[in-house]
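> Chains A and B, in that order, are what the protein sequence lines are.
In terms of the numbering used here, the first sequence opens at residue 14 and continues consecutively.
In terms of the numbering used here, the second sequence opens at residue 16 and continues consecutively.
Hints were generated in silico from the structure; no laboratory data involved.
Any given hint could turn out to be false.
Unchecked claim - Partner residues aside, some chain B positions facing chain A, computed with beta carbon under 7 Å:
id, residue
1, Arg603
2, Ser606
3, Leu610
A virtual CB, placed ideally from N, CA and C, is assigned to each residue, including glycine.
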Amino acid sequence: MASLLDASKPRINGSMLSQHIGRGVCFVGRVEKVHPTGKTFSVSDGEGKSATVELNEPLEEELSGIVEVIGMVSSKGVITSTTYNILREDKGIPFDLELYNEALKVIHDFPQYYPFEVAASG
Amino acid sequence: MNVPLTKGAVEALCKGLDVDKPVLQLLNIRQISNASGPPRFRLMMSDGQHSLTSCLLATQLNYLSDENLLVPNCVCLLKKTINNTLADGRRVVVVMEMDILKSAEEAGGKIGNPTPYNTDVSPVLARMGDRATYVNSPSLKPVNRHKGLTVKVSPMKASPMKANSASPGSSAKVIPIASLNPYQSKWTIRARVTNKSSIRTWSNSKGEGKLFSFEIVDESGEIRITAFNKEVDKFFSLVEQGKVYYISKATLKPANKQYTTLKNDYEMTLHAHSSIVPCDDNQSIPTVHCDFVPIAELENRDKDAIIDVIGICKSAEDVSRITTKNSREVSKRALSIIDQTGKVVTVTLWGEEAENFDGSTQPVVAIKGARLSDFGGRSLSALFSSTVMVNPDIPQAFRLRAWYDREGFAINSQSLTETRSAGTGLNVNWKTLSDIKNEDMGHGEKAQYFSCVATVLFIRKENCLYQACPSADCNKKVIDQQNGLYRCEKCNREFPNFKYRLLLSANLADFGDNQWVTCFQETAEALLGHSAETLGHLRDTDEAAFDEIFQKANFTTHIFKNRVKLETYNDESRVKVTVMEVQPVDHREYSRRLLQNIYKLAR
């Protein structure tokens, strides 16, 4: 777990999940459905693609709106989450998920200008 | 090298045969007196053997004469001519396109010894006999075939010929609208109706009547046609907008520019013998004839001019309803269109066109006959008579679409219409702080204005406040008389009090550079978050709190709208930047702008 938090966790969207299997990622999306057990829920990204998030402990609170999930991508494309943040809609500027998706694409299209890896290890 | 004249060309032309680009020598040119309309020139051409006097210059070539290119003895190549037979059988050759091969000096005199060609009139008359009888127009004068051109070819009004309604396809040749003129009466044109008016009636001292008019277009140009009284009944239901017809036998007269904006020197009036026949073969006829003006050019046109314009609709506002001066309610919608010149202009649509317009697909919008106004600089308005076309089927539209998809969409265009939209950033001049030095901003005669996103690094606390005149509109610094009174030189008065005003010197920075700027009262209070009075009071009472206000302002980021100008003070020149407005950063708008800039760089 400690190693996961040290390593860089690139921000990704649904279409990039398959390229990050076995790696730590940061996924921002809108909560779709929460499983009755509270241990898993689905999120959709700015493009509309869905991903499933699994938690170690069941949810203790009502989850809705946009969340930022940090975790590892399993071989089945499920994010095993270590921690999550709720981007509250009632505070600050409302989060524009589509705009975030556009920015994500730029970051991934031009990795030479966004050297996050270097920053994390340096 | 002597360019030989085309021998036999004159004989062929007189016989009504087509000659392919004959080379002829101009022997004489004479202007025909014309009551109204453009001057008409009659030419005497020679092929070295014979001379031909009945040659008319098409008005579109009048410039050749105006520029003194048509000097007797110059040698010409007739690229395009139309051979017309007048009602009396005489032939007239109208020269539509001509090149001057040799000037008169180069030709060195008359080539050969041409004699006038005598047309044999009898076969022509014989032909006339079985077609129709005709009324001898009183204005016909006998043609004098001497060299020297003493005759006049008088304009023939379309004599009322009792011709049978022969199907146009068989006998008559179709001529282009651009070559129509009052001097030829036997013509047929094939054109599409672009605009048809409703029937209008009038009643004046001379009586009453009704009329309707329509405009037609073919590959060469357009012309307006009017029908009065009986012809209205005959033709109104037959003529439909968008359809193509063969039209012949109508009266040509100089155009009354008051009633039309079409580019044609003439206009047509239908009469009892006019013929309008629907035509099925209409592939070559354009649907509309427009003379599009590039948007960047609009600045050079006069206001109230009627303009054709085409562009991509970048954005369209929602339709709104407004009440006019006559208390009528009407819908209107403003669109922004851009074309290959990279300039944008606002176009206003009215009524149903405004309501039905859908700009969501960024369509090509073409408007014929819009009025250019100087509202907001330059803007366009659709008139009742304008034709608005969305995604028209014309080559310019396809070219625009291809250009826009390739590069046009990314252009940070300059709009000719200065809309007052504070927050939408339509006309904002975005710069970064390093641009100030790199672009030598403010060095010109006029001050420059720009906006930037920057972070406050430091604000000077010393001398940030000054004591100002308490009068309402006066902000001049007052002099402390040390007797409890403060003097204002501008108002020439003394006051027992003053008001505090802020004058900040702040250092702003972004990723590229930093810049010292000056902030006056309003922008200073916006940055610090407190009024000048409060600050003045705190400075005297609670210095710690005073310091904290300045600390809190550090490293806050805002949108600054600035004015930059090179100023000279006592032999020293410095670029001075003043903050005009401070706004909070709209992160979404900023993100979008950055993304746009990245996409542009990525191309």
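> Taking the hints in turn, state whether each one holds.
Structure-based check of all given hints:
no.: 1; hint: Arg603; verdict: 5 Å, holds
no.: 2; hint: Ser606; verdict: 5 Å, holds
no.: 3; hint: Leu610; verdict: 5 Å, holds
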